[in-house]
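Enquirer: These are the residues of each chain, in order.
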Amino acid sequence: MVEQVMVHGAEWTAKELFVYPNEFIYWSIQIVMYPYMTGLVAGAFVLSSLYHVFGQKDLKDMAKFSLVFSLALLPVAMLPLMLHLQQPLRGIEVLFTPHFTSAIAAFGIVFTTYAIIVLSEIWFVYRRYFVEQTMALKGKTGFGDTVRRGIYHVLTLGAYDISPEATAKDHRAVTVLAAIGIPVACFLHGYAGFIFGSVKANALWMSPLMPVIFIMSAVVSGIALCMLTYIIIMEWKKFKAILARGRGDETVTVIAGVEMDVMSKASKYLLGFLVAAITLELLDIIFRGYTAMKSWDILRDVMFHKDFVKIFVLQYGLGNLVPFALLLLPGVTIRRLVVALVLILFGVFMMRWNVVIGGQAFSLSFAGFMHYHLPMIPHSLETYKEGLFGALTVAVTPFVIFWLINKIVPSLKEV
Amino acid sequence: MTCSRRTFLKNAVKGAIAGALPVAAFRLLSPAQARSAVEDASVRWGFLVDTAKCVGCGMCVKACKLENEIPYDAPVTRTWVERYVVTRDGRTHADSPMGARDGFTDRKIHGGEAIDPSEIVKAFFVPKLCNQCDKPSCVQVCPVGATYATGDGIVLVDRSWCIGCGHCIMACPYGVRFFHPVHKVAEKCNFCYHRITKGMKPACVEACPFGARHICNLKDHDDPVTRIILNERVAILKDEYGTKPNVFYLGLDHNVR
Ligand code: SF4
Ligand code: SF4
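Chains as they are written, first to last, in this note's numbering: chain A, 1 to 415; chain B, 1001 to 1257.
Extracted from the complex, chain A is given alone in its bound form:
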């Protein structure tokens, strides 16, 4: 009788030359998604804080939106970790019995701290709105209205004071929370970098630069995603204005002007962080090549042969260089901006891929390679969880959550 057993990783790993028997690509697509999603959370939050803390007035519209968006992204930073566990139901143990020499153990604490900050900041931003809604819905008898009133009623947490002094206090609380939030957001993500950077057995990951590289690219991707979504929203507004009042109307040009203004400001921050990210990554490669430790032979093989297209063409070329040029060349249009932003998001994704999968593309023996074949069509729970569809689930969830949250906490309307 032939036993039909599923060895984790065997499904998508192809080995070449001398690889130890137990080596497989154990950290697969979900571990690519994990730093990508946390990066977006952190980046979105940092962007919203630019307004709340540093008073960048032109980012006002975006600030509220990116704050709520970072809340929607928050549970999704956890989701890929859960999906990749072999025992997902035991995941909660990380919170109950953390083993503090482990980099992952502190995840619960860092993550919860961050979640509390985001939630309370949103509460302070929207408290007045909750109170107003409760008042407005008073006396209405429809089922939907009663439910909504109940929700808002609970959300006020009993704080009904919306006098000018009280709202001024709210504002101060928001500023303080946003200020604390920036280092915490960076920590949350730098920490994801640390999880990789501290694996001493992995020649590609082990680098003290890893957390910093992760933070920089996180901010890049977060800003890019918020800008992109902002453009979509503004285009929608413009479209509605055109429908309502015709193309030549003043409001249309006003919206277009505001949009371009916000975008050119935001893209300056974006460029700055992009330069920092690329510089650090290149420094890392150059340093490895120059010091040429034992692992360099195999790393060079992976970087310049096996994964050349993924690293130099897709990540650095298409994901960094092209958008860099698109953003810098004079006469930026919204359309060109959109292309650049999409490419940047793609570039950061490729960076995560090349770190996570690339780090497992060679054997610990330094004498063999492993190739990753992303499972496309799921035929078991495992190939769903750690396949294309699992990754898509993770990618789509924040938008669904955002849509839900937005029903109660409207981040796109003027409040």
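Errors might be hidden in some of the hints.
Think about it this way: if two alpha-carbon atoms lie no more than 20 Å apart in a straight line, the pair counts; the simulated PhoX-like pairs of lysine-lysine are [unchecked claim]:
1) B:LYS1135 - A:LYS200
2) B:LYS1108 - A:LYS15
3) B:LYS1108 - B:LYS1122
Computed footprint of chain B on chain A, listed as stretches where at least three residues anywhere in the stretch have a Cβ under 8 Å from a Cβ of chain B [to be verified]:
4) 7–14
5) 23–30
6) 34–48
7) 89–96
8) 102–112
9) 361–372
Hints in this document: simulated from the structure, not taken from any laboratory.
Glycine included, each C-beta is placed from N, C-alpha and C at the ideal position.
Chain A is fixed; fit chain B with the ligands onto it per the hints.
Expert: Same frame as chain A, now just chain B with the ligands:
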């Protein structure tokens, strides 16, 4: 106080049995093994591999798979044997098909051309297993403490507590860990802890027909195997990671990865 003959005899028999017991225990268990059974800190398990004696038959791998219930046809294993063939052109060819469960029956390495014997300058086999490191990086990174070191130096995995994150698998520089295909938790060699703590030898040591594998108590300097480790020139694998392994090798070649 009167002492009937009957009670005297009874006590005498009891006394004789009590007196003989430690001797019997001494014979069944080595002192080290007996001490470890009561979790004495004077035991530190170590392992010695004599690479010159290994012929790559794979008996140890077979025995390990059966003893520790690792699905026989799964391509993962707690211990394995590597074959190294160094050719005249200075190249090293290495492989370990199915962890050498069935030995090395094919001249071809990685399904390529069979190597011409006259081209071979040296060839040898190297058994591998968990090093039960003094500074185990696998233990360091486990987020829930499901993998831990015992007082006598063996690194174990708690199957009821492991969340299956794979961090330990990533952190071990020797590639000895994997996910158990049935239990879905981290799995690794533990020198057959269930056996050594009862005075038996690990299944692989027992199964090796050529005496290439030995277990010992590193704290007992009278242990013949420990004496070899102390007196002979032995090497360890991947010193540079600072994990301080406790599997020692006689006749280790620099080509071994
Ligand atoms: S060899 Fe690997 S699994 Fe074994 S104790 Fe050392 S680090 Fe842990
Ligand atoms: S796979 Fe299990 S034993 Fe290994 S680090 Fe994760 S929880 Fe710990």
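Enquirer: Please go over all the hints and tell whether each is borne out by the structure.
Expert: So, going through the hints one by one against the coordinates:
no.: 1; hint: B:LYS1135 - A:LYS200; in the structure: holds, 13 Å
no.: 2; hint: B:LYS1108 - A:LYS15; in the structure: holds, 16 Å
no.: 3; hint: B:LYS1108 - B:LYS1122; in the structure: holds, 16 Å
no.: 4; hint: 7–14; in the structure: holds (count 4)
no.: 5; hint: 23–30; in the structure: holds (count 4)
no.: 6; hint: 34–48; in the structure: violated (count 0)
no.: 7; hint: 89–96; in the structure: holds (count 4)
no.: 8; hint: 102–112; in the structure: holds (count 5)
no.: 9; hint: 361–372; in the structure: holds (count 5)
When held up to the earlier numbered hints, the structure conflicts with hint 6 and nothing else.
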